[in-house]
Amino acid sequence: MATILTKNVTDKPKALVGTEGNTWVWTPDGWDLTHPADPTSNLADNGVDLDCELANIKLDPIKTALVIIDMQNMGLHRALDPPSAPPIYEAQDAILQYAIPAARKLGLQIIWLNWGLTEDDLATMPPAEVRVFAFDINTEKVDYGLGDRHGDPNDPANFLKCGERPNLTKLPGTDLGEIVLEDGSRVNAGRVMMRGTWNTALHGPLAAANTPAANICPSSPSDDCHLKICLKSTPRIEAVSAHQSFSQKPPPLSPWRRCTTPASPLQFKHLQQHPPLNNPTPL
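In short: position in the sequence shown from 1, add 38, done, that's our numbering.
Read the hints as simulated data drawn from the structure, not as lab findings.
Just so it is clear, the structure is predicted and the values come from calculations on it, not from any experiment.
Don't take every hint at face value.
[Unchecked claim] Dumping the calculated DMTMM-like pairs for lysine to aspartate or glutamate here, alpha-carbon to alpha-carbon at most 25 Å:
id: 1; residue 1: 143; residue 2: 108
id: 2; residue 1: 208; residue 2: 119
id: 3; residue 1: 101; residue 2: 89
id: 4; residue 1: 208; residue 2: 128
id: 5; residue 1: 50; residue 2: 91
id: 6; residue 1: 45; residue 2: 76
id: 7; residue 1: 143; residue 2: 131
id: 8; residue 1: 101; residue 2: 87
id: 9; residue 1: 50; residue 2: 67
id: 10; residue 1: 101; residue 2: 67
id: 11; residue 1: 208; residue 2: 157
id: 12; residue 1: 208; residue 2: 221
id: 13; residue 1: 208; residue 2: 158
id: 14; residue 1: 208; residue 2: 220
id: 15; residue 1: 45; residue 2: 58
id: 16; residue 1: 52; residue 2: 91
id: 17; residue 1: 52; residue 2: 87
[What the hints assert, rightly or not] Okay, the calculated beta carbon distance ranges per label pair:
id: 18; residue 1: 192; residue 2: 53; range: 46 to 52 Å
id: 19; residue 1: 216; residue 2: 67; range: 53 to 59 Å
id: 20; residue 1: 91; residue 2: 117; range: 35 to 41 Å
Where a beta carbon is used, it is the ideal one built from N, C-alpha and C, also for glycine.
Based on the provided sequences and hints, a complete structural model is requested.
Here is the structure:
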């Protein structure tokens with residue numbers, strides 16, 4: 039699982055971490071995540087170096103993907119008054135200004151991973167999922183989950199205790215009906231978190247960035263990105279599924295495995311990669 043590769047005390051320390059077929063290489067310079075064929079050899083000066091706060095990393099764009107998760111109207115559109123709006127708008131801005139341009143510059147695949155429930159999902163939905171959607175916190179704070187772990191229950195200023203209340207209007211499957219957007223137009227928002235509805239579509243600015251040439255799915259993300267996507271990346275993402283029936287156990291992971299869903303298959307060969315630059319350069 040972890041092996042020191044350095045033989046001489048005068049050599050730069052190097053450690054191999056992981057198991058066969060899935061290893062990282064550590065040196066004082068950072069982590070090499072390129073999965074070299076022979077990690078015990080002198081690592082070639084290829085890949086892309088990223089300066090990070092804790093430890094720098096080197097990655098291989100061909101084996102790497104940017105996964106953008108759950109950036110949908112239900113959680114971002116102001117017309118639906120999402121409770122976590124301020125921080126998630128900051129995340130959206132960072133994705134649009136930095137993450138997507140950097141990924142496209144390096145020729146990385148971009149995966150848009152969205153929710154999209156079916157009637158079968160509703161019939162087997164566990165209580166934990168119901169609680170997330172249909173129970174609100176009794177506070178106006180956005181960062182209500184950041185309480186002091188050593189707080190005094192008798193000191194309200196330093197102890198988080200707000201409780202919850204049911205809000206069944208956000209229960210998955212509930213019809214949101216027609217809503218008015220900021221520009222005065224009206225749209226049928228559909229049933230909460232159901233596949234193919236307006237509320238599960240990508241939020242406007244992100245939808246605009248998801249051009250046909252950049253889309254890994256055969257058609258629109260809200261219709262097709264619920265399918266299981268399999269790829270090999272660094273750190274390895276071998277099976278990603280935003281739509282898995284709650285009654286099913288996840289399949290064992292293996293690289294480059296063929297993936298299917300009860301509805302229809304989406305195999306790895308269907309993934310479309312952003313056209314890479316002829317000579318990608320590190321940022």
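Requested in this report: Take the C-alpha atoms of residue 208 and residue 157, compute the straight-line distance between them, and say whether it is at most 25 Å.
Outcome: Distance ~16 Å between residue 208 and residue 157 Cα, so the pair holds.
Query - Restraint status (C-alpha distance of residue 52 to residue 91 at most 25 Å) - result: 20 Å, holds
Query raised in the report: Keeping to a limit of 25 Å between CA atoms, is the pair of residue 45 and residue 58 held or broken?
Result: Judged against 25 Å, a Cα distance of about 21 Å means the pair holds.
**Report entry** Given pair status - residue 67, residue 101, alpha carbons within 25 Å
**Finding:** 21 Å, holds
Query raised in the report: Taking the CB of residue 91 and the CB of residue 117, does the distance hold inside 35 to 41 Å?
Result: 36 Å, holds
**Report entry** Restraint status (C-alpha distance of residue 143 to residue 131 at most 25 Å)
**Finding:** Judged against 25 Å, a Cα distance of about 18 Å means the pair holds.
Query - Straight-line alpha-carbon gap residue 45 to residue 76, limit 25 Å - result: 16 Å, holds
Query raised in the report: CA of residue 208 to CA of residue 221, is that 25 Å or under?
Result: 24 Å, holds
Query raised in the report: Can the restraint linking residue 143 and residue 108 be considered satisfied, given a maximum Cα separation of 25 Å?
Result: Answer holds: residue 143 to residue 108 is near 23 Å, not above 25 Å.
Query raised in the report: Holds or violated: residue 50 with residue 91, Cα cutoff 25 Å?
Result: 21 Å, holds
Query raised in the report: Does 53 to 59 Å hold as the CB distance between residue 216 and residue 67, or does it fail?
Result: 57 Å, holds
**Report entry** Given hint residue 220 paired with residue 208 - CA-CA distance at most 25 Å
**Finding:** 21 Å, holds
When each numbered hint is compared with the structure, no violation occurs for any of them.
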